[in-house]
Structures are given as structure tokens and as C-alpha cells.
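K.L.:
If you use the numbering used here, the sequence shown corresponds to residues 28 to 401, in order.
Treat each hint with caution, since some may be false.
Think about it this way: if two alpha-carbon atoms lie no more than 16 Å apart in a straight line, the pair counts; the simulated EDC-like pairs of lysine to aspartate or glutamate are [what the hints assert, rightly or not]: (1) 134 to 117; (2) 134 to 186; (3) 134 to 114; (4) 208 to 186; (5) 208 to 183; (6) 134 to 183.
Pairwise CB distance ranges, derived in the manner of DEER restraints [unchecked claim]: (7) 41 to 179: 25 to 33 Å; (8) 41 to 269: 15 to 23 Å; (9) 341 to 58: 36 to 44 Å; (10) 276 to 387: 35 to 43 Å; (11) 95 to 134: 40 to 48 Å; (12) 58 to 288: 39 to 47 Å; (13) 102 to 77: 22 to 30 Å; (14) 280 to 179: 39 to 47 Å; (15) 163 to 397: 42 to 50 Å; (16) 58 to 255: 52 to 60 Å; (17) 225 to 135: 51 to 59 Å.
Keep in mind that the hints were calculated from the coordinates and are not lab data.
For glycine and all other residues, C-beta sits at the position ideal for the given N, C-alpha and C.
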Amino acid sequence: MRVVYSIGSRLAGGGIGNTAYHAARGIWRAGHLTRLFCLGYEPNDIPAHLIQWFWFPSRRCLRLPVHTYWRWKDASFDRRAARRLPEAFDVFHGWNSHCLASLPRAKERGALTFIERGSAHAAAQARLLEDEHARFGLRPPQAVRRLVERCVAEYEAADFVHVPSSFCRQSFAEAGVAERKLLVSPYGVDLSRFAPRPEPEGFTVLFVGEIGLRKGVLDLLEAWARLRLTDSRLVLLGGVEPAIASRVEALRRRCTFETPGFGHDMPAAYAGASVLVLPAIEDGFPLAVLEAMASGRPVVVSENTGSKDAVEDGVHGFVVPIRSPDSIADRLQWLHDHPAERAAMGAAARLRAEQFPWERHGADLVAIYESVLR
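Input sequences plus hints: build the corresponding full structure.
P.N.:
Structural data, given as C-alpha cells:
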């Protein structure tokens, strides 16, 4: 079996680049990786002769709005990858919005084609975010429509769509995508890098990700403002979405929280926390959830956070409704008031995370390819 894997991002460079690296590594270790296309890569153990990488200028250089930049970058990467596909291979696996031109070329060569979608169906995601912008009186980005159209065209062109969670799968089924096209296997975690450490003094709530509407940060901040816990901290690790920067700053008048930005030692960040909270409006399978659980910390996630598949409510943490500061505040108050139970949840979370090593994800993909090629 010969597999071509395509990701229009920096391989092993954070975010989806890390997810793609672990997937491609699993395919390579099984002996099936023929070619890997990417936009540059960090040093890793996949042999360099298998990697074909392209350059694209940064958004800072081009000075484009973020969604316009993504559209140009994705299309440019896709055109170059499509021209360099091998003559013969069996499976093409490309990330959503990165392979509209590559899909028909791969089919011409007789390959089965897979789309990797790490989030909800693009149209469902767009609707949720439009509603969230309206909820806070903000205008949604206009360029999103073209991105959705490209994503949906790829769903229609591909033989299969691979997603990491039941939340994602449901969004595709509700959009009318045939069940036979939908394949699910969860992402993973580096269990050696993220390991339990003693919990710190006091009570520290940690958020990891973009400090923006999609991740439900304003609901977390509203909950925090209502709680007024003593000897407690809220730490938001990530960049602030410009659209809500003024609202985030305004909330500092009601409560105290820290926004130290990017570039942190993540194992140390989880070790310094009592609980991770991610009340996303939409997130397919945020890796931070399994990372926190592997670090022995309970989690509070929303029902629209795909990683909830790994969380049993009341055992490894809590699952709360979206857009519900009251629910977030209630769960955080309980975790603050019950340190022994919180520690037990953290221990249970570690055991649960051990079921999701990255090696499992790579093996799942190979098994999926083999099953559909039979």
C-alpha cells in the first residue's frame, strides 16, 4: 500500500502541523508512506527524501486579512502539490481546504481519496461562529463564505472524510454527507512528554488556545467574574483574537486573569494548573484536553468540544453546554471546594488519556486504509 499525505502547514510545527506529523509518522512506521507534501517542516524522524515541501510568505509579509491569507496559501500549496503527485499510489490523504486540485489528479492515478477534517463540517462551523458574532454584536469575517465553498467542494470530490470525534461526524451527517463516507478515529497525546506532577498550591484554572469567540473564552471570563474565588488564578495561554480584544480588556475591570501569550513550556503549564477549561463553541478535537488529562488534571469542556469523547462527565472532569457561564462557574466552584475529589478526577483522567497514544492514531489510519482497499 502506497500513501501520499498532504498538509498545507508546517509539519511538526505546532497546531495541525503536529497532528499531521503524528499521522504521517504512523503511516511511515507501518511502511506505507510514499510522499509527504507540506509547507516546510521542523526536524523529525520521517526520512527527508519522502518529504516534498514548499515555501509561502508569512501573513505579516503579505499584510492580508487572515481568512484571505488562508485561502491564498491553501490554493497555492494545493496547485503545487497536485503537479508533483507520484505516477502510482493507492491512497491520497489531504487536509481540508488544502487539496481541491489534488483530489482529481489523485483519482486519475487510481488512488482512493481521503479528506482530513479536524473540525465540524465547514458550513456548520460557519453557522455557529456567525451566531456567536451576532451574540456579541460583532460582524463575521466576509471571506469565510469562499473558504466554506472550497471545503464543501472537497467533501463532495473525496471518496471519504476522516474526522476525529463523534461531534464532527454528527455535523457531517446533519449536513447530508453519506454515512459511508465518514470515518472516525481520535487524535492522540504524547504520554511521555505529558505526565502527572504534583498539583500546585492554591487553585489555578488554565485555558489553552486562541483567546477568541470560537473557543468560548468570553463565557469562561464571565464565569470567572461571577465566582470571585480567593487564592485562585485564571491563566489564558494563547493569542487574543483582535475582534474581541477590547471585550477581553474590559473584563479586567470585573476580574483578574493572566494572558502571558504564546511560547510556553506546556508540560510545565499543565503541571502548574488545577484544571483545564475549554468551553468551545466549536472545536473538533483540541489536543490540549488530552494533554491536560495525561498531565493528571481534570478538564471542563463543552458539548461542542470533540475531545469530550475522551471525557466521562463527573469522572475525568465535566462536560457543560455551550454558551453557559453559569454551568462553567458551577463546575469550577465544585472543583475549587473539593480538592480531594479533584485529585481523584485528575488520576482518572491520566488513566483515560493512556488509551490515546499517538501510535494508536497512526495504526487506526493504516487499518482504515486497508479496510477500504480490500
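K.L.:
Which hint numbers doesn't this structure obey?
P.N.:
11
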